[in-house]
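Student: Quick note, the sequences are listed as chains A and B, same order.
Using this note's numbering, the first residue of the first sequence is number 1, and each one after it goes up by one.
Using this note's numbering, the first residue of the second sequence is number 1, and each one after it goes up by one.
Hints may contain errors.
Given that identical chains are not distinguished, each listed pair holds provided it fits within a single copy or across any two copies.
[Claimed, not checked] Listed next, the in silico DMTMM-like pairs over lysine to aspartate or glutamate satisfying Cα-Cα at most 25 Å (straight line):
1. K24 to D125
2. K41 to D147
3. K158 to E81
4. K195 to E45
5. K214 to E10
Derived from the structure by calculation, the hints contain no laboratory data.
What follows is the residue order along each chain.
Number of protein chains: 2
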Amino acid sequence: MLFRQMYDNETSTYTYLIADANTKEAALVDPVIEQVDRDLKLIQELGLTLRYCLETHIHADHITGTGKLREITGCDGIVPENARVACANRSIKDGEILKLGEIEIKTIATLGHTDSHNSYLIDRDRVLTGDSLLIRGCGRTDFQSGDPGLMFDHVTQKLFTLPDETLVYPGHDYRGNQVSTIGEEKLHNPRFVGKDRSSFIEQMNNLNLPDPKKIAEAVPANQQCGNTPIMAEV
Amino acid sequence: MLFRQMYDNETSTYTYLIADANTKEAALVDPVIEQVDRDLKLIQELGLTLRYCLETHIHADHITGTGKLREITGCDGIVPENARVACANRSIKDGEILKLGEIEIKTIATLGHTDSHNSYLIDRDRVLTGDSLLIRGCGRTDFQSGDPGLMFDHVTQKLFTLPDETLVYPGHDYRGNQVSTIGEEKLHNPRFVGKDRSSFIEQMNNLNLPDPKKIAEAVPANQQCGNTPIMAEV
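One chain only, chain A, in its complex shape:
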């Protein structure tokens, strides 16, 4: 397997490139519109064919690169169930497995940051957690139908029950960390350590964060696959 984590400096967003080394089929998870040229160049240099662009969720802080990538490569744009993105090629739901050559990408629905959100478990040993579980943190739950109770349930019951050595690759990091493990987060994530469901909810309801800078443009644009013409209906 070929696996690359890439970073968008302006929005601190991680994009992931996953490819089967034999079949050369590739997927991008959470591409960023400003980085499409970088991502395409790498895909071309590595001799890969982009099959899928997967979203963990409808982002509020950046515009997806999926529409532009789909226009250029003909790949499928795939969003979580209930994401209300009419232009996506298809949606993918909890438990569903997407094959990429020999690689298995298993969807684990982890709601709470938004009301449609997937984590993706790659070959059982690494999980892309989007904005649910972050390194020593978690996504906020105060907009886009966020729900701190669901966040607590899905992180503790679906992610923290994965093997301790599972690598955690988040959708963002604001401190320069790139990867963690489930074991580390269970021990050291201050949002969860020593918290029960109700104290977690209380904490999340009192973060008083400002809105993301791009929310007003990013959410509607992402519901249009990054503002490109509608190509298919789910």
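Chain A is fixed; fit chain B onto it per the hints.
Tutor: Okay, now just chain B, sitting in the frame of chain A:
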């Protein structure tokens, strides 16, 4: 082995944490002074003992965290041969091997960016290249006794002769890339592809880059291990 790449957003610098999973001995390569708290917290959470802070070279764009880390942890500060850092605990030269538990860190002197610069080959499968070889680029050679001819010789004769699958971890990246391979760089690095020694030198002598913002403070501070009191003589 435990291996973590961490990022400093302000200067686009990568710091590396390497540790033996059994003995828990750890080394940091190219720590950044503003990130010392982050790095120490991770070391503590992972139950590691910091034995070494290694520099690839005397940086012109950021101040090293080594002095501060040494003051707090008692680790050794190690610099390349001829680095003129009187406060370092020791220097390490081409071909020398540093053991970290079962891990072998082999020094490959790769001059050119500055006149004292080491790459570090970790257990033969990944190489930390500092500011010599970057992803699809290389360090500049126009200050601190830089030498484009030496850069060409050492990258092409010492790094490009490593096995193609060797992972390349640079000291910086400005486009959000984190890792490459020797094979990829031989094929796709525009600074080297199709260049002989003299056309490489000509290219490097005509980059006309502005000085790094922090050069006036960073170089003298780094010659003092990041401005902390002198603790040992090499």
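Student: Now, for every hint given, state plainly whether the structure supports it.
Tutor: These are the hints, each one checked on the structure:
1. K24 to D125: Classified as both; 20 Å inside a copy, 23 Å across copies.
2. K41 to D147: For K41 and D147, the Cα distance exceeds 25 Å both inside one copy (38 Å) and across copies (30 Å).
3. K158 to E81: The answer is within: 17 Å in one copy meets 25 Å, while 51 Å across copies does not.
4. K195 to E45: between (47 Å within a copy, 19 Å between copies)
5. K214 to E10: both (11 Å within a copy, 21 Å between copies)
Checked against the numbered hints listed earlier, the structure breaks hint 2 alone; every other hint is satisfied.
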